[in-house]
Amino acid sequence: MKKEIKFEEALERLAEINEKLESEEISLDDSIKLFKEGLELSKLCQKKLDEAKLEIEKIVID
Amino acid sequence: MAGFNILTVTQITAYLKSYIDENKKLSGIYIKGEITDFKANFYSGHYYFSLKDSGAEINCVMFRSYAERIRFMPENGMSVIVRCDLSVYQKACSCQLYVYDIQPEGLGAKHLAFEQLKAKLEAEGLFDEKYKKTLPQYPEKIGVITSGSGAAIQDIINVLTRRWPVAKIVLTPVSVQGEDSPKQLISALRKQDSVIKPDVIIIGRGGGSSEDLSAFNDETLAREIFACKTPVISAVGHETDFSICDFVSDLRAPTPSAAAEISSPDINALRQSFDDNIGWMRDYIERKCDKYADLLSKFTSVKSKNFTDNFLLKYQNQLDFISEKREFLFKNLLLSKESKFSLALAKLDYNNPAKIFSKSVCRIEKDKKEVVSAKKVFPGDSIKIYFSDGVLKATVTEKEEGGPSF
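Same order as they appear, the protein sequences are chains G and P. Each residue of the first sequence is one higher than the last, beginning at 1 in my numbering. Each residue of the second sequence is one higher than the last, beginning at 1001 in my numbering.
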């Protein structure tokens, strides 16, 4: 997984994982794999939120 | 008067009206004057008044749909500029102004210019809803174009620190008022859009006089915003201030703080949503595992070795029971079918006319009526005896009472 995953992408992927998990046909193996990925993704995002600190940069016009 | 072309009053006024209406120079015009005889019709909601100056006076009407839109109540003696069409009220053959908008003259030419530019850009479609870009839900880079020292940037920083510290703010400081301001706003916007490339751009400034805000009414800036590939949020002055920049941007925020708020998600709500999602996934996977564990334990249970046997036995019993029951049902069914069939056969047989004439049976008739008892027949009676192969006509010679004695 990319370290610098964008929030928008992470949330999209999570929604996708939820949807797949919810469908009945999925096998136990696959659902465990998805669960792991979802968990990692959620934790990564949470970590990103917890460590977030507003960064301010000034770029002057020429 | 013969030979003259005679017109009716209606015809000449209609002609005058169409003559004036066709003249494009007389529609969408701006007229300056002082309001007199102002009357707001209580029932219709229309405004009726006259505009005058030292040399002339003209009747004006402003229909309710337009009158509702102006933010102040016109008064007698007020110097105003109206935007209107000149036309003719045919019933009185009077020339009058059909007013769409009234502005107090005190606001001056700047305001007029603003209105004219707004109308022009609107007509060109620069404000069309279909061009409005969607704002990103989770911006990671937010471009800000405002003064580096004003309240606006502080407000934006405060809101984002609280709501969305995940973002990085890239500020291009500009002067937000004065003659040089539009030029700086434009180059900052270009730099943001093509070099910095944030997810969203906030352009604006804090409150000030209408003169202070005028840089945001620049036509070139408006066109630059329209051409911008990045979504732009405009936040100029206070809630009550409207600028050209507001209309052309993808979204207008009433203040810079509001712009920061609109551009960002709430970090706490998002955190909660991750917690919820992890909980949900955990529940789901636990349920799924339980289901499988349950299934598994039915075959290999460490705790009870004979579980499998028990299980199988139980299953076997059930199977036996089911097959027994089935057999029983099947037999019953056959039985009932069988009896039904024989019953049907018997019925069919009974109704078979040939049966009446079977070998051992004959039918005896006396006076064309079947005779079933010897009691009804007496010696000397003529009877007919029907066999399957013929009919005997006979006369009874003798009778013996009682059952047959073979």
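Just so you know, these hints were derived from the structure itself, not from any lab. Just so we're clear, the structure is a prediction, and the values are computed from it rather than from any experiment. Possibly wrong hints are sitting among the right ones.
Simulated coverage check for chain P against chain G, where a stretch passes if three residues somewhere in it have a Cβ under 8 Å from a Cβ of chain G [said to hold, decoys possible]:
{"#": "1", "segment": "1029–1041"}
{"#": "2", "segment": "1084–1090"}
{"#": "3", "segment": "1154–1161"}
{"#": "4", "segment": "1178–1191"}
{"#": "5", "segment": "1206–1218"}
{"#": "6", "segment": "1247–1255"}
We treat Cβ as the ideally placed atom computed from N, Cα and C, and that holds for glycine.
We went through each hint and held it up to the structure:
no.: 1; hint: 1029–1041; result: violated (count 0)
no.: 2; hint: 1084–1090; result: violated (count 0)
no.: 3; hint: 1154–1161; result: holds (count 3)
no.: 4; hint: 1178–1191; result: holds (count 4)
no.: 5; hint: 1206–1218; result: violated (count 0)
no.: 6; hint: 1247–1255; result: violated (count 0)
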